[in-house]
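Engineer: Chain by chain, the residues:
2 protein chains.
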Amino acid sequence: MSRRDRRSSSFASAAAVFTLFSVSAAWAQTPGPLNAITDVPGIEVGNFPLPSSDPTSPPPITGTTVVVSRAGAVGGVSQRGGAPGTRETDLLRPENLVEKVNAVVLSGGSAYGLAAADGVMLCLEAQGVGFPVGGGHVVPIVPSAILFDPGRCAAFSVRPNASFGEAACQAAKGGPVQQGNVGAGAGARSGGSKGGLGTASTVLTAGASNGIIVGAIVAVNSSGRTFDTAGNFYAGFLELGNEFPLAGPTGTDVVPPSNLLQNTTIAVVATNAKLTKAQATKVAQMADDGLARAIKPSHGVGDGDTIFVMATGTDTRDATNLVSTIGSTAADTLSRAVVHAILAATGDCRVKSYCEQFPQNCPK
Amino acid sequence: MSRRDRRSSSFASAAAVFTLFSVSAAWAQTPGPLNAITDVPGIEVGNFPLPSSDPTSPPPITGTTVVVSRAGAVGGVSQRGGAPGTRETDLLRPENLVEKVNAVVLSGGSAYGLAAADGVMLCLEAQGVGFPVGGGHVVPIVPSAILFDPGRCAAFSVRPNASFGEAACQAAKGGPVQQGNVGAGAGARSGGSKGGLGTASTVLTAGASNGIIVGAIVAVNSSGRTFDTAGNFYAGFLELGNEFPLAGPTGTDVVPPSNLLQNTTIAVVATNAKLTKAQATKVAQMADDGLARAIKPSHGVGDGDTIFVMATGTDTRDATNLVSTIGSTAADTLSRAVVHAILAATGDCRVKSYCEQFPQNCPK
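Chains as they are written, first to last, in the working numbering: chain A, 1 to 364; chain B, 1 to 364.
Since the hints were made in silico from the structure, they are not lab data.
Warning: the hint list may mix true and false statements.
Since copy identity is lost for identical chains, a pair holds within one copy or between any two.
To be verified - Taking lysine to any residue pairs in the SDA-like style, the calculated list, with each CA pair at most 20 Å apart, reads:
| id | residue 1 | residue 2 |
| --- | --- | --- |
| 1 | K100 | G300 |
| 2 | K173 | D318 |
| 3 | K100 | G302 |
| 4 | K100 | G241 |
| 5 | K296 | P58 |
| 6 | K173 | R317 |
| 7 | K296 | L97 |
| 8 | K173 | A28 |
| 9 | K282 | L240 |
| 10 | K282 | V98 |
| 11 | K282 | H299 |
| 12 | K296 | N96 |
| 13 | K173 | P245 |
| 14 | K296 | T314 |
| 15 | K100 | V301 |
| 16 | K100 | P132 |
| 17 | K352 | P51 |
| 18 | K296 | P41 |
| 19 | K274 | A171 |
| 20 | K282 | A230 |
| 21 | K100 | R317 |
| 22 | K352 | L240 |
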């Protein structure tokens, strides 16, 4: 099987057509310089905890990821999984007052982990970042979603609280984003293998969409799988620029999925496009298709899958006619971020990582 | 103007028809023994802070109210105000997994006050109350909404945090419920007057609905008013059993509404009926009409009005054919709770209470 074939699955023939179209003038695209959500100007990422620099220390077992836009980004959300844990999603509905979010928090800890957003709010308030409410005061707008990971490799009581959010917010910055067993992905699992945190970006380089940047970050903690029994990623066909180090045929020693009711994949998509709240909502809905293509099944009863959108609008052109292009790009970028998450993960106390199962596909 | 007339407003003629209908066999209703949400068996209320027993102490200026169902109650929500601050409302959608909520938290503090739910979760976890997730562990299901009150009678930084939720949860019990400047109503204002916390209940006593109990609790913090310039409550016509001590004509020295963008009225309706999640959602939607009848305007851009429903199901009969009756009763009960809130409130550092403006209607 050729290297290209290994990236194929049931989506293969559709992918071939798509590839022809995607290299036409209207859709030329490349990963951004970091291939990370931080390729979108003004978007910062903070994770807590990060892996210890001491290689003998055990990896983090739960954590928090925050995506910050200090200037505020127009927000949207798609909440389609069956067991969500969320806060501040109602305000994102297009008819509601607040337009811009200052940060989105993704966290482990099941619903307990919603506390992480408290720490992010206090961190941003201290920096004067938030919705102005008079008297120089602000209320930071910080939507949040959680995933289920408690009790996997530590006591059930070990889970993110407000201090995790505070630490992640303090660590937020532009630049490269660490992936794998990091932040909200630290305790994640995916279809019987190790899940994790992944990111990706796409720069559109032709036609009316030239200059639009879309980034995604995702904590993959899915009941469904991201690759078939031969190790082919369902979203492998969406690779841009040889970003997946997939080598060749491997074995079929794949761990079966376990608990189907304690999962949830949560993500943020960011773009420099100038979107209304309604358009950001539509982009979130289209981005959700990126989970469908990368994870099978997805959006199940025990998956609280939730996708946030942050549109910074630093590209000030009217994007009305680009919403479908941005949404489609968001879906593909999110799919690729899922693959990055699985490739970057290392095994935990009980489940193997993809790279432990298919070491040929994970060159050192 | 007669005592009855004083309760009339633009709804008066509709009310007359309704009254004729409501005393017919199908709709006979009375307040419960406490005229409080705690008339619903299994429903407990906790407030923090309560007014000091020292009358020279200033009243509380912000706080948290929790409504607890230790056995779990089927949940629903209606979120129609334009500036909401919420958590765990997505899980209440009928198609999502979790059926029952263990508590609902109402809190001051704007979005910062969402932290109160963290304390309620830890309090309930310590009591073993929550959604079972294996290994004897639970995740308490605690939806929450907040209202805007920071900076009114104290520094902007004075607002509920997790400790408020913990204290309110520890204080939760059945029995009488204190109203006025209490819990989530402590810092509330309403259309230029003092707002507050109010509660009411209705027992249906005839026909198929005999034995159904509906209770409501509400923190009234509305841009809109609850009474006209002569002191007539818009919802006065919904009085049950001479519960409003309205005496006679008074002056028109009414304070005009102030800030229209920093408000929010939040409420919980509870019933002993056995409802599905979809039915509880419908009851929440109908209950929201109770705000429309009691507060004018309501559901504005700066009102994050949010109504939760908790259906305990201790009345185990199939309630399918009673949903509209329960919803209508919920609306009326909520309207009456709004009047109770305004009548029980005392003035704060800057705005007068209803009873300071219309002392004739507030006998000692």
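Engineer: Work down the list of hints and note, for each, if the structure agrees.
Structural biologist: Quick rundown of the hints versus the structure:
no.	hint	in the structure
1	K100 x G300	between (30 Å within a copy, 19 Å between copies)
2	K173 x D318	neither (28 Å within a copy, 56 Å between copies)
3	K100 x G302	between (30 Å within a copy, 15 Å between copies)
4	K100 x G241	neither (33 Å within a copy, 48 Å between copies)
5	K296 x P58	neither (30 Å within a copy, 59 Å between copies)
6	K173 x R317	neither (26 Å within a copy, 57 Å between copies)
7	K296 x L97	between (36 Å within a copy, 19 Å between copies)
8	K173 x A28	neither (29 Å within a copy, 63 Å between copies)
9	K282 x L240	neither (24 Å within a copy, 47 Å between copies)
10	K282 x V98	within (17 Å within a copy, 26 Å between copies)
11	K282 x H299	within (17 Å within a copy, 25 Å between copies)
12	K296 x N96	between (34 Å within a copy, 19 Å between copies)
13	K173 x P245	neither (27 Å within a copy, 60 Å between copies)
14	K296 x T314	neither (35 Å within a copy, 40 Å between copies)
15	K100 x V301	between (30 Å within a copy, 15 Å between copies)
16	K100 x P132	within (11 Å within a copy, 36 Å between copies)
17	K352 x P51	within (18 Å within a copy, 56 Å between copies)
18	K296 x P41	neither (32 Å within a copy, 44 Å between copies)
19	K274 x A171	neither (27 Å within a copy, 48 Å between copies)
20	K282 x A230	neither (35 Å within a copy, 48 Å between copies)
21	K100 x R317	within (18 Å within a copy, 46 Å between copies)
22	K352 x L240	neither (26 Å within a copy, 65 Å between copies)
Hint violations for this structure: numbers 2, 4, 5, 6, 8, 9, 13, 14, 18, 19, 20 and 22, all remaining hints satisfied.
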